[in-house]
Amino acid sequence: MENINTVLRKGFQTWTHNLNICIPFFLNIFAGIFAMFVLFMVAVIIFVMPAMQDITTDPTNINPEMAFGVLTAAFYENMGLFILLFITAFVVSTLISSYFYGGAIGMAKKALEDGSTSINEMFTSGKKNLINLFLTRFIVMLIMLAGIIFVVPGILAIGDLSILMQNPEEALSGTLILVFGIFAWIFYAIVVKLIFTFAEYALVVGGLEPLEALEEGFSFFMNNKLDTVILWLVLIGLSILTGVAGEVLSSIEILSTFWSFADFVLSFAVIQPLTVLWWTRMYLSGKSTQFYDIDDYLKFQR
Numbered sequence: 582m583e584n585i586n587t588v589l590r591k592g593f594q595t596w597t598h599n600l601n602i603c604i605p606f607f608l609n610i611f612a613g614i615f616a617m618f619v620l621f622m623v624a625v626i627i628f629v630m631p632a633m634q635d636i637t638t639d640p641t642n643i644n645p646e647m648a649f650g651v652l653t654a655a656f657y658e659n660m661g662l663f664i665l666l667f668i669t670a671f672v673v674s675t676l677i678s679s680y681f682y683g684g685a686i687g688m689a690k691k692a693l694e695d696g697s698t699s700i701n702e703m704f705t706s707g708k709k710n711l712i713n714l715f716l717t718r719f720i721v722m723l724i725m726l727a728g729i730i731f732v733v734p735g736i737l738a739i740g741d742l743s744i745l746m747q748n749p750e751e752a753l754s755g756t757l758i759l760v761f762g763i764f765a766w767i768f769y770a771i772v773v774k775l776i777f778t779f780a781e782y783a784l785v786v787g788g789l790e791p792l793e794a795l796e797e798g799f800s801f802f803m804n805n806k807l808d809t810v811i812l813w814l815v816l817i818g819l820s821i822l823t824g825v826a827g828e829v830l831s832s833i834e835i836l837s838t839f840w841s842f843a844d845f846v847l848s849f850a851v852i853q854p855l856t857v858l859w860w861t862r863m864y865l866s867g868k869s870t871q872f873y874d875i876d877d878y879l880k881f882q883r
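Residue numbering for the sequence shown follows my numbering, starting at 582 and increasing by one per position.
You may find that some hints are simply not true.
[Unchecked claim] Dumping the calculated DSS-like pairs for lysine-lysine here, alpha-carbon to alpha-carbon at most 30 Å: (1) K774 / K806; (2) K868 / K708; (3) K868 / K709; (4) K774 / K868; (5) K708 / K774; (6) K774 / K709; (7) K806 / K868.
Don't read these hints as lab results, they were simulated from the structure.
Construct all of the structure, not just a fragment, from the sequences and the given hints.
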C-alpha cells in the first residue's frame, strides 16, 4: 500500500499526462442537463399546458397568484404522475452519472497501469458497468435513507407538525430533538458514504457484482481507515479552498464573471478527475497493482 503522499503526487502526475480524463465529467453534466430539460418539457406538455388552457381569463390578465393556483390544483390532481415523473428523473440522472463515472474510473485505471488512456476506454467501461454501478449506488442510497430513524423521535415528539408552524414555543423540546435527529442523519449519511467509498472502484476495477463490491469496499476501508480519512479531508480542503477563492473573487466585480466560468472548469477538468485518480490509485495500490512509473518516463524525457 502506497503512502498518501505517493498517491497524491503520482496521481497528480498521471492527471497532467492524461487530461482527457476530464471528458466523462463534462459529458455527464451536459447529458444530465439535456435529460432534465427533456423531462421538464414533458411535464410542461402533460401538466402545465392543459391546466393553463382551462383558464378562461384573457391570458394577458393572468397574474402570478392565479397561475400558481392553477398549477397547484394540477399537481394535486395528478400527484401520482408527478411522483412517477420524479422517480423517472432520479433513475435517468443516476443511470447517466453511473455510465460516465464508471467510464472515468475505467480511464483512470488504464492511465495508472499503462501511462495513457483514451475516450474509448470510457465507452467500454461505462457500458460494461452501467447496471451494476447503478444498483450499487441505489443500495448505498437505501442504506443512507435508513438513517431516517434518527428523525422519527423528533417527529413523534412534536406530534402535529402544524403546531411547529403555529406555536414553535409549545413544541420547543420536540423541535430540538428533531434538529438533533437531522444532524445525526447527516452524520450517519457521511459515515455511510465514507465507508463505502471504494465500493464503486472495486466494482469497476475488479469487475464485481454490486453486493460483492459493497463487501469489498467496506473491507478495504476497514483495512485502510487512516489513509482514506486523510484523502477525504484533502478533497474537502480543496473544496473549501475553491469556495473561499470564489467568495473573494466574486466580490470583485471585474473578476466575478471570470471566476464563475473558471470555477466550472476547475471542478470538472481538475478536481473531479483528480478525485477519481486518487481514489483509484489508493485502491489499486492496496491490491498490489503494478503501476506505470511516471517518474521513469519523466527521467527518459530529460
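- Out of the numbered hints, which ones does the structure contradict? none
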